[in-house]
Each structure stands twice: as C-alpha cells, then as structure tokens.
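Chains L and F, in that order, give the protein sequences. When we follow our numbering, the leftmost residue of the first sequence carries the number 77, and every step to the right adds one. When we follow our numbering, the leftmost residue of the second sequence carries the number 274, and every step to the right adds one.
Note that these hints are calculated values from the structure, not bench results. Computed from a prediction, not measured in an experiment: that's the story for all the values here. For each residue, glycine too, the CB sits at the ideal point set by N, CA and C. Not one of these hints is a red herring.
For each label pair, taking beta carbons as the anchor points, the in silico distance ranges come out as:
1) 219(L) - 291(F): 56 to 62 Å
2) 621(L) - 417(F): 50 to 56 Å
3) 513(F) - 539(L): 49 to 55 Å
4) 101(L) - 423(F): 54 to 60 Å
5) 291(F) - 319(L): 50 to 56 Å
6) 457(F) - 536(L): 54 to 60 Å
7) 289(F) - 283(L): 17 to 23 Å
Each computed SDA-like pair below joins lysine to any residue, with the alpha-carbon atoms no more than 25 Å apart:
8) 627(L) - 483(F)
9) 313(F) - 282(L)
10) 313(F) - 87(L)
11) 483(F) - 621(L)
12) 483(F) - 95(L)
13) 105(L) - 479(F)
14) 307(F) - 301(L)
15) 100(L) - 474(F)
16) 100(L) - 475(F)
17) 313(F) - 278(L)
18) 336(L) - 428(F)
19) 307(F) - 95(L)
20) 100(L) - 478(F)
21) 483(F) - 204(L)
22) 483(F) - 90(L)
23) 307(F) - 89(L)
24) 307(F) - 197(L)
25) 100(L) - 477(F)
26) 336(L) - 338(F)
27) 483(F) - 628(L)
28) 483(F) - 88(L)
29) 313(F) - 623(L)
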Amino acid sequence: MVDIGAAEGIPPAEVEDVELYHAKSWVTKYVFCQDAKVIAIQYSITAISIGLVALVLSWLIRLQLAFPGTFSIVTPSNYYQFVTMHGMIMVIYLLTALFLGGFGNYLIPLMVGARDMVFPYVNMLSYWVYLLAVVVLVASFFAPGGPTGAGWTLYPPQAILEGTPGRQWGIILMLVSLILFIIGFTMGGLNYVVTVLQGRTRGMTMMRLPLTVWGIFTATILALLAFPALFVASVMMLFDRVLGTSFFMPAIVAAGEHLKYGGGSPILFQHLFWFFGHPEVYIVALPAFGIVSDLISVHSRKNIFGYRMMVWALVAIAVLSFIVWGHHMYISGMNPPFGFFFATSTLIIAVPTAIKVYNWVLTLWRGDIHLTVPMLFALGFIVTFVNGGITGLFLGNVIVDVPLSATMFVVAHFHMVMGIAPILVVFGGIYHWYPKITGRMLNERLGQIHFWITFLGAYLIYFPMHYLGFIGVPRRYYELGETAFVPASAATLNVAITAAALIVGAAQTVFFFNVIWSLYKGKLAGGNPWRAASLEWQTPETPPGHGNWGKELPVVYRWAYDYSVPGAGQDFLPQNQPPAIPAR
Amino acid sequence: MTESALTDSLEAPPRQGGWHGFAADWSSDQRAFKSATWGKAMIWIFLLSDTFIFSCFLLSYMTVRMSTTVPWPDPGKVFALTIAGREIPLILIAIMTFILISSSGTMAMAVNFGYRHDRVKSAVLMLATAAFGASFVGMQAFEWTHLILEGVRPWGNPWGAAQFGSCFFLITGFHGTHVTIGVIFLLITARKVLRGDFESGRRGFFTSRKGRYEIVETMGLYWHFVDLVWVFIFALFYLW
Ligand code: HEM
Ligand SMILES: [Cu+2]
Chain L
77 MVDIGAAEGI
87 PPAEVEDVEL
97 YHAKSWVTKY
107 VFCQDAKVIA
117 IQYSITAISI
127 GLVALVLSWL
137 IRLQLAFPGT
147 FSIVTPSNYY
157 QFVTMHGMIM
167 VIYLLTALFL
177 GGFGNYLIPL
187 MVGARDMVFP
197 YVNMLSYWVY
207 LLAVVVLVAS
217 FFAPGGPTGA
227 GWTLYPPQAI
237 LEGTPGRQWG
247 IILMLVSLIL
257 FIIGFTMGGL
267 NYVVTVLQGR
277 TRGMTMMRLP
287 LTVWGIFTAT
297 ILALLAFPAL
307 FVASVMMLFD
317 RVLGTSFFMP
327 AIVAAGEHLK
337 YGGGSPILFQ
347 HLFWFFGHPE
357 VYIVALPAFG
367 IVSDLISVHS
377 RKNIFGYRMM
387 VWALVAIAVL
397 SFIVWGHHMY
407 ISGMNPPFGF
417 FFATSTLIIA
427 VPTAIKVYNW
437 VLTLWRGDIH
447 LTVPMLFALG
457 FIVTFVNGGI
467 TGLFLGNVIV
477 DVPLSATMFV
487 VAHFHMVMGI
497 APILVVFGGI
507 YHWYPKITGR
517 MLNERLGQIH
527 FWITFLGAYL
537 IYFPMHYLGF
547 IGVPRRYYEL
557 GETAFVPASA
567 ATLNVAITAA
577 ALIVGAAQTV
587 FFFNVIWSLY
597 KGKLAGGNPW
607 RAASLEWQTP
617 ETPPGHGNWG
627 KELPVVYRWA
637 YDYSVPGAGQ
647 DFLPQNQPPA
657 IPAR
Chain F
274 MTESALTDSL
284 EAPPRQGGWH
294 GFAADWSSDQ
304 RAFKSATWGK
314 AMIWIFLLSD
324 TFIFSCFLLS
334 YMTVRMSTTV
344 PWPDPGKVFA
354 LTIAGREIPL
364 ILIAIMTFIL
374 ISSSGTMAMA
384 VNFGYRHDRV
394 KSAVLMLATA
404 AFGASFVGMQ
414 AFEWTHLILE
424 GVRPWGNPWG
434 AAQFGSCFFL
444 ITGFHGTHVT
454 IGVIFLLITA
464 RKVLRGDFES
474 GRRGFFTSRK
484 GRYEIVETMG
494 LYWHFVDLVW
504 VFIFALFYLW
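Okay, chain F solo, but in the shape it has when bound (with noise of 0.2 Å):
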C-alpha cells in the first residue's frame, strides 16, 4: 500500500537523539516522522481522531448516566451467567477480554514475523488473531441474545435507567465493529501474505501499488488500537 520505505541510501546524514533530534527531525525536509513511512503515519493519524470518537461515546455515556433520574442496572448482576447453578458475575466478559487481549499477542508476534519474511508463520498468526477477533465477536452476539432475550432494548430495560440498554447496544456495537472490520482485513492480509505478495511486488487489486510487510504492522496498530479501546469500555461500563 506505501511506496515510502527508506532507500538505504548511506549518504543520509546520522540523526541525533533526544530533544535536539526532535527539532531536527521536525525542521527537516521530505518527512517529520523520520521513521515512519505513509502508511503507518496514516493509521497513527486516524487512530487519534478514532481515539476521538470512541472518547466522545465514552464520555456521553457517562453524562446520560449521570442526567438520568432512574437507578443505573448493576452491570455485576446483569452480566452474570448462571454456570453449574452458580451465578458468576461478568464471567462472559472476563473471558472475552482476556482473549481479545491474547490476540494481540499473536498480532504482535505476526507483525515480528513478517518483518523476518517468514510468511507461513506471520500468516498463520494472523489467522489465530482473526479467530480470537472472530470468537469475540461471536460472544458478543451471545451476550446480545441473552440480553435481548431477558428483554433489554435500546429504549427500556426491565431493571432501570433506559440509557442502560442504548449506551450499552451503542457502545459495544461500535466497537464490535471496529472488530469486525479488524477480523476480515486480517484475513485478507493473511491472504497476501501467505501468497508472496509482499516478497514478490504483486499490486493491490484497487490501489494498484506494491505491498510490504509494513502492511501487517499497520494491521497491528489498528488491533492493539481496538483492544486498548475494549479496555476502557470494560473499565467504564462493566466495572463501574
């Protein structure tokens, strides 16, 4: 997707460190960020104004907790599974965190490897990440069902404050979403890499232009984004 990996060009002039290397890179032509290429500036760039995003829902479900005069559900007992005939309070998204949290993991470890050129092992990280992306996503739609089931919607729910229902279909929605897009661009990246595209400058079928392994670095950024992003929904909505 990017043309802009560095030449390896010797006559480039060694760079400083520390603040003066800051300023330096900043006063600097061609390029501010002097190690990152197009595509990896990109997706920092829109990673901030998705960071913006996800903060103003945040945010806004906070304050609709607050304006709203009618008692807040007890997420501990709402989102309690019955297991063995004991009730365990937010088991299901216990469970869900950790996987999406290990995924990053095996994300991490695939952007290590394609770095290396090993494309059979980055690939098949990327599709372990994609199935525990995969296998979030479909707890989620089990926690909806349950949820709907016992008769939780946008607009009411049978235990308190309406907010409850809307912030919660809302929130976990979007970033369900977030998600899912992630799970089905890595498989497609999964797919390049396992074919050599990367090694053999094949073009993307829209952009045209020659792929590299940074293509699975940007992939990882967007993941680890996503799951940081679950952090705070978990902290905020399930924990409070």
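Looking at chain L on its own, in the form it has when it is part of the complex (with noise of 0.2 Å):
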C-alpha cells in the first residue's frame, strides 16, 4: 500500500501508546475494573435497575391519579415522596448517569480510536462513588419517614421543615445521595473531556469526530460546570437541616410559633437549583443529539447534512443554556427585565435547536432509509423532540407561563422533551449497539413491538396532560376532588392515562427478555452489521478486546460520514480506510 497518509498530511504519533492496566484476577477483569468498556455496562445496569424503580413509582403516581383512594398504600405522603423520587432517579440517576457514564464509557474511546479513557482508575472510582450514592438513595425508602417528599426541585423552606415527608432522613440522605453523585460524576467526567481532547488517534481531528462523541462531550463540560450549582446548593441545604442555619430559611411562624430560622434566601436556593437544572436539560438531551444524528445518518446511509453547523449548534445551545434558567422562576417573582431577558435568551435557544431539527430532516431527504428498530427510535425521537419542544416555546414566554406553571401541562412538556425524547434514544442506542458490546444482534420483530408500543403509548399518555393542563388541573396534587372548573370528564382521561402508562410500562418486559434472550441466542452479528463507518465497528475483535485495537491504533482518514460516496466501490467508507484516490 502506499503511503497515501503521509500524502494527505496524517502526522505523526505525538503520543506514546498507553500502557493499560491489565487485570490479575476475576474481580479485577469484572469488579473493580478499570476498563472503560466494563465501566459502561457497570454503569448502565445500575442505572437501568434504579431506573426501574422511577418506572414503578410512576404507575403508583398514575394508579392515585386515576383511582384517588382505592390503593391504601398510596397516602398523601406517600404520593409526594413518589414523585419526588420518581423524578429525581429518572432524571439525575437514570439518564445522566446512563448517557455520559454508559454510553460516554463506552463509545468515547471507541470513537476516537483509543485504548481506554485517559485515567482508567479514577473512571472506575467514578462508577463506585455512583453506586454508593444510588445506594444512599434507595437507603432513603427504609429511613424513618421515608424518602423525601419535597418535590424533585427540593424547594426550601418546605424540603426541610415540619410537615413535608422524609424531613427526618430523606431529606438528609437524598442531599448526601447528590452530593456523592456530583464527587463520582466529577471523576468520570473530566476522563471524558481529556479523552476526546487530547486522547484522539493520529488523523481524528476534532471536525473528524462522530456527532455522538460531540454529543457527549458538550454534555459532559456542561455537567462540570452546573453539577458544581448544585452541590453548594446541597451543601448548604444539609448546613440548613442539619446545623440549623438559614442559608435558605427566612424567618417563618408555623402554628403561631417562631421557628429559630431567619435571614436567608429561599430564591437563592431556587437560582442555584436552577442555573443546574437547565443544563441539566441538555446534558440528558445533547447526548440524544448527538446519537440520533448517527443514527439516523448510518440507517439512511448518507452522510449527516450539515456536520459543522451540528457541531456548531451543539456548541451553541451549551454555552446558551446557561443563561436560561430563570425561565423556572417567572412565577417566583422576578424584575420585568429580567423576565424579559429570559424569556429572549430561551427563545434564542429554538434557532439552533431548529437547525439541527432540519439537518436530520435533510439528511433523511432522499435517503436510502431502512427502517430498522434504531431508525424507528430515531424517527420517533424527533417527532417527540419537536413537539416537547414546541410547548416549551410556549412556556418560554412569560405570559404564557404564568397560568401554566405547576399545571399538567408543564407536566406533558418536560416529560416530552426530556423524558420519552431522550428514553427514545436510549432504547435506539442500544438497539443500534448491542452488537458490538455483545457479538450478537438485538430480535428484530420483538424490537418493534417494543418501539410501537412505547412509541404510540407515550402519545397516548402525554398527549391528554396537555389538553389538562390547559383545563387547570394542577400538578403535584395528590387529588383533585370537589374542583368547580374541572370537569368530570378529566377523570375519565385520568383513567385513560394511567390504563396507557401500565401498559407502556409493562412492555418494557418485552425489552428486556429480548436483551435477556439474543445474549444467548441472538443472530451472530460479525464486525459491522449494520455497514457503519465510524471507528467503533472497526475493530479487530467484537466484542472489542481489552485495549480495544490489538496491536496498532487505527489511523483516520475520513469524516464518520462517508456513505453512499459516488464512485466508492462500497456504499460505506470507514474511517479508518486509506483513501485509494486522494478524495475530498
């Protein structure tokens, strides 16, 4: 062969080859392991477990809602504590520790053509200080009192005074659990960062980098940056339950009474919250971005429209949305300036969040699209995507906000764009990858079972909480009972909501024995079944082996996106091919 690298400019190695930690013994090789690859899997089997205990909750939260008092296991505490947990797992330790810490783990060195992430140990503390804060979390529902029953957003005064569920324990422990998140996320986080900054192969320059490893990455810098809002916020809060000072308290009378609290700053709590909790948004949704451009790109085998403004775009809506997030305050209060300066900078956010709406629109435009189960995913994820996103186009605007805020319809839209949007992809991305961390392929007809059913079902469920919300049914309401502008037909709907989410929730059985079943007798699935040219499914082994390239790294020669090249022999170029005529 020649060597056309060195002609098209592939310069040379400027780092050493690393030199992996290679394990003695079982429980290095499978425990307390320091490659990448089984951190992943570590990483998305604690998420996923925990993740469904959020499921199950959500069909206790549904079960009242639609049958107020019938099950006596859900009393008015107990209903606050499961939306409080049910949104703060599938939020913080479902999808963010799934999407950066399973699919990151996994993908980020593949992608870039490296052997491990750069700091193999501290990425595996990364996942064990994770699983003790998943374990301080569940150690919450066995604490006297309970888990906290504070809402998601940990409001104060009430996330700790007399009265809210869970302030003896819950509240302690849920604060711990964020805390121990944040110290595990730090860890895991910067090997992401310094991997695809500086751990890349010779020839994958940054522009050359697939739009998941963008993805991932603009999430993970964001996390460092908004993780650090929440972990004061904590902090403080605990100083608050704990030490009994007012960082957050103002002075307050319960029951004619003075309580020693006195001189702080509830809006504090709820910017610090806040200016984490809308990053917080896109750590779980640029990550979606940026696998469903590759799936999407691969399934209709043509290259992403638009790679750079992709790149671009991601990069924009990151450093924007950090200057959003008093969008979450209009009814707090706030100077009509800055309700006006919010209001634009969200709506500012739409432009390039519909730029990369229309990208993958153009790239399915005449494209050979092959409706496999992570297209399906993929194509459902953007419908969801863009109708979440719309009604927060809605919700952007001050005015509008106003009546809809703690409305079911706020409910619809969050579970839209961040919930079932990102779930979509999650499901996509392991339909999409499945045969490379296992060697075999993922039940064909039993996945699009799976897709219709939690595709059209999530429909079924959000769809009507709109249609609620804009009647004033109220969210976090434990029973609506006697309510003069609520009429009777909301129970109804209620009903037909929850009848929805059992059975979107109990299909998810069907995921799972598939997962279960094709481990064992799945159709073998070789290299790169699904003709891909990213770097990942170009490995010498699959699954790929420790250290992931045998003998020599790769080289790149290509963008991730050389399908259908005319000319090509091939209707795919992988990245690591040299090129035979000097092309692009």
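Assembly of the complex is requested from the two constituent chains, each provided in isolation within its own frame, with the hints serving as guidance.
Quick look at the structure:
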C-alpha cells in the first residue's frame, strides 16, 4: 500500500501508546475493573435498575391519579415521596448516569480511537462512588419517615420543615446522595473530556469526530460546570437541615410559633438549583442529539447534512443553556426586565435547536431509509422532541408560563422533551450498539413491538396531559376532589392515561426479555452489521478486546459519514480506510 | 500518573504561533492542547469546575449577606487579636495570607527543581510547602477555636446576623479542606520524588502507571489555585 497517509498529511504520533492496567484476577477484571467498556456496562446496569424503581413509582402515581384513594399504599405523604423520587431518579440517576457513564464510557474511547479513557483508575472510582450514591438514595426508602417528598426541585423552606414527608432522614440522605453523585460524576466527566480533547488517534481531528462524541463531550462540559451549583446548594441545605443554619430559610412563623430560622434567601436556592437544572435538561438532550444524528445517518445511508452546523449548534446550545435558567422562576416573581431577558434568551435557543431538526430531516431527505429498530427509535425521537420543543416555546414566554406553570401542561412538556425523547434515544442506541457490545443482534420483531407500544403509548399518556393542563388541572396534587373548574370528564381521561401508562411500563419487559434472550440466542452479528463507517465498528475483535485495537492504533483518514460516496466501490467507507484516490 | 509526554520525534511539523497556531491546534488530530499532557489538561478542567463551586459559595454568601435584615458583624473587630494589650485587627488573617502566598513561591521552585531532576531540592521545597500549608490550617483551627469560644456558631453569634457564622464556617472550612488535601498529596508526591519513583518508572500503588515529574507541576497548579481562591475569600469575607 502506498503511504497515502503521509501524502494526506497524517502527522506522526505525538503521544506514546498507553500502558494499560491488565487485570490479574476475576475481581479486577469484572468487578473493580478499569476497562471503560466494563465500567460502561456497570453504569448502565445500575442506572437501568434504579430507573425501573422510578418506573414502578410512576405507576403508583398514575394509579392514585386515576383511582384516588383506592390503593391503601398510596397515602398523601407517600404520593409526594413517590413523585419526588420518581423525578429525581429519572433525571439524575437514570438518564445522566446512563448517557454519560454508560454510553460515554463505552463509545468515547472506541469512537476516538483510544485504548481506554485517559485515567482508567479514576474512571473506575467514578462508578463506585456513583453506586454508593445510588445505595444512599435507596436507603432513604427504608429510613424512618421514608424518602423526601419535597418534589424533585427540593425547594426550601418546605423541603426541610415539619410537615413535609421524609423531613427526618429522607431529605438528609437525598442531599448526601446528590453530593456523592456529583463527586463521582466529576471523576468520570474529567476523563470523558480529556479523552476527547487529548486522547484521539492519529488523523482523528475534532471535526472528524462522530456527532455522538460531540454530544457526549459538550454535555459533559455542561455537567462539569452546572453540577457545582447543585453541589453548593446541597451542602448549604444540608447545613440548614442538620446544623440549623439559615442560608435558605427566611423568618418563619409556624402554628403561631417563631421557628429558629431567619434571614436566609429561599430564592437563592432556586437560582442555584436552576443554574444547574436548566443545563441538566441539555445534559440529557445533547448526547441524545448526537446519538440520533449517527443513527439517522447510518440507517439512511447518507452523510449527515451540515456536519459543521450540527457541531456549532451543539456548542451554541451548550453556551446558551447557561443563561436561561430564570424561565423556571417566572412564578417566583422577578423584575420585569429579567423576565424579558430570560424569555428572549430562551427563545434564542430555538434557533440552533431548529437547525438540528432541519438537518436531521434533510439527512433523511431522499436517503436510502432502512426502517430498522434503531432507526424507528431515532425517528420517534425527532417527532417527540419537536413536540416537546414547541410547547417549550410556549412556556418560555412569561405571560403564557404564568397560568400554565404548575399544571399538567408542564408535566406533559418536560416528559416529551426530556423524558420520552431521550429514553427513545437510549433504546435506539442500545438496539444499535448491542451487536458491538455482545456480538449478537437483538431480535428485530420484538424490537418493533417494543417500539410501537412505547412510542404510541407515550403519546397516549402525554397528549391528554396537555389538555388537562389547559383546563387547569394542577401538577403535584394528590387528588382533585370537588374542584369547580375541572369537569368530571377529566377523571375519565385520567383513567385512560393510567391504562396507557401501565401498558407502556409493562411493555418494557419485551425489551428486557429481548436483551437477555439475544445474549444467548440472538443472530450472530459479525463486526459491522449495520455497515457503519465510524471507528467503533472497525475493531479487530467483536466485542472489542482489552485495549480495543490489538497491536496498532487505527489511523483515521476521513470523517465518520462517508456513505453512498459516488464512485466508491462500497456504499460506505470506514474512517480508517486510506483513500484510494485522494478524495475530498 | 500520565503516559502522555511528548515523544521527541523530529518529524513533528513546526507549530505556528498566534491565532493561526490556535486554530491549527484545535483543528489538528490527537491533541487540542499541544503542550499539555493528559494530567495537566485534566487538572485545568477540574480547577475550572472547582472555580464554579467556589464562585457559587461566594455568591451565596454575598446574597445572604444582603438578604438578612440583621446587621452584619464587623470583621475588623471580630477577627482582631489582643497582642501586648493592643487590639490589632485582622492580624492573624494577615499572617495566614502571607504564609499561604509564600507557600506558592516554594511550590513554584519545587516544580522547577523537579523538572531539573534535582530530587532532593524538589522534595525539600515540597515539604516546606506542605509545612506552610499545615501551619495555615493550624492557624485556621486556632481561629475557629477562638471564635467558637467567643460564642460564634454556624446558627448564630453574639454580634449580629446568624449568616455570618454560617458562611464563615462553611467557606473557610471548605477552603481549609482543600488545603488539607493539598498537604496530604504534597507529602505523598515529595516521598515519590525522594525515592526516585519518577526516575525509575516505578508504578503507582493504585493506578499501576508510571509517573513523571510533571506530577509535581500538576500538584503545583492545584496549590496555586487554592492560594488564589484564598485571596478572594480574604478580600470578600474579611475586608468587606
Ligand atoms: C413510564 C413513563 C413515565 C410516566 C408514566 C411518568 C409519569 C409521571 C407523573 C404522573 C408525574 C407526576 C406529575 C404530578 O402530579 O406532578 C411525573 C413527574 C415527573 N417525571 Fe415522570 N413519568 C415517566 C417517565 C419519566 C422520565 C423518563 C423522566 C425523565 C426526565 C421523568 C421525569 C419526571 C419529573 C422530573 C417529574 C417531576 C417530579 C416532581 O414534580 O417533583 N418521568 N411523572
Ligand atoms: Cu429550563
């Protein structure tokens, strides 16, 4: 082979090849393992397991809303505890951990052509601290008084006052668990960022990275800068609760008695929380954006439309997401110019977001669309995300938000945009990469059944909620009782929603059955079943071995999207295939 | 800790300076920061994240200082020590600040000697830095005791707003923890330098990776950061 690499300007290796830690025993190979691929699977299994708890909690919430008072296990306090834990687990312990710890760990080293993360030992610690955080979280279910019922936003003063369920231990354990999560995440997050910045293989420039890596990378940076605010808020609230300080506590008279608190600022907590909280939405959305871009490109055999724009849109969204947090606080009261500012910045985010949606659609345009299961989920994502994004534009305006905030409309909005949409991508991603991870395909038929029930079911659950919100059904209410402005038909609708929620939840067993069954009985996949161009499909072994690449690191000659290139023999050109004719 | 030192490859193309160089680095392969090894890139990003933590703490302190309706105690009086019958405001803090800033000097020298493979000087300077750091923490402990004896608690104090004590213990405590962690790692690194781990390529106990003298610099970056943060705490908490 002629040395076209040199002609193309592939520079010499700048970094020595890493020396990896080689596991000596079963324990260091599978338990305290430093291999990012194993850590990824540990992260994923833990996150999905705790996510199942949150799913069951959502059933209990829905059962109460449909049949108020029928189920003795859902008392009013339990209801609030379930809602709180459901929200917190779904957002942080499931989605954040799964996208960054799970997908990030598995895909980053493979996609950038590295042997592992840059600091595997720290990476391993990250998982164990995360597991500890999950254990502390679970412990709060068994603590006296149960888990906290303060709502996932944990707003003070009520979060730590008498009368809120779980104020004895629940809130303390919740805060400790969050602090641990952040410490654990930081260890992993530093690894992901440095691996992308400094650990790429020869020829892999930033602008040749698959968009999946870009999505996870930008999301990790967001997380490293947003979690500090939550960390600080948690520490200070822990002080308020345990030591009786008043960071967030104003003077309060409860039952005619002056509490010992005074002088603090509850609004300060809201600022800190949402300075974290809004970027958090994008921490789960940006990896989803990235993954979906790759799924769409691979399964429609076309290069992604406007790669550069896609990258810059990710970066723009990431930057803007730090200056919009106030839109969660319109009803807390704010100076009108601030309302104006936050509404404007919120609406501006729609621009890069719309660019992404257009580019996905244009990638599909006249593509050779294969309706494989990952593709179905990717298409489902686009529809759902657009849907949730548009209601987001409504809520971004102060005047629309004020009446709709704290109603079911908001619940419908955020589930569409950051609940269902990313979950669809998680599934799409698993169907797509499962063959690489296990060497076997997931069953197609079962996958299709899973997709259609989940996708249509999600719409049956959340579409009616928009309407409920419009007629004023409030969120976080144990029961509606006799409320003049809510028609009786709302109760019927609630029953229907609950039925859909139970079915969707139960349908996930199809997925789990598929995952386990295919592990043993699935069709053998080979190294590159989707004929994809990005680097993770070009490993010498499937599943990739320790160190990923065998003796030599791959050299990259092109971007990850050379599909259906005119004149090329194959319909795709792997990133590490040297150009026959100096192309592009 | 890191395996990423530059190879002395002569083939590497010369690098441009200025904005062109900046753009060239970012559009190049393998590494975006051409002169930074993995460990150094990581500590910088960690420090950026930590900056956000300290900023949030300090902003929260300013917010509660403004939100409370009770007058704020006068730091000039609270942090005064009576020496030889005269009350000198902020004297202890001034000494602590001086010590911490001096320790940045010894740290910088340790880094320099480390890169020159002068193991003994580097280790001794690191030990000196650790000693400065430990005495800083010691004086902080003295100050805490002093204030606690005068009745300052996280939830209240004899002179005014309760938030004074809350912020004081929280922020100086969090910073002091940073210093303490720094001291521990300085001792560990000094031991490694003395033993010649970075010459012999001895592997780390936990990571089983070879270390390089660059670790001394990584340590230094952390230390300077902790110093810099102190300057802000000093200005915003003690002088305001
Ligand atoms: C099986 C699918 C799901 C169902 C049926 C479901 C249902 C619900 C219900 C009924 C509520 C309570 C609304 C209220 O009365 O306030 C709720 C709250 C919430 N859900 Fe879900 N949910 C699901 C999945 C998710 C996912 C994937 C996320 C991830 C982002 C999520 C995040 C939240 C959050 C943040 C809250 C707010 C909790 C609070 O008010 O403190 N949910 N969900
Ligand atoms: Cu937001």
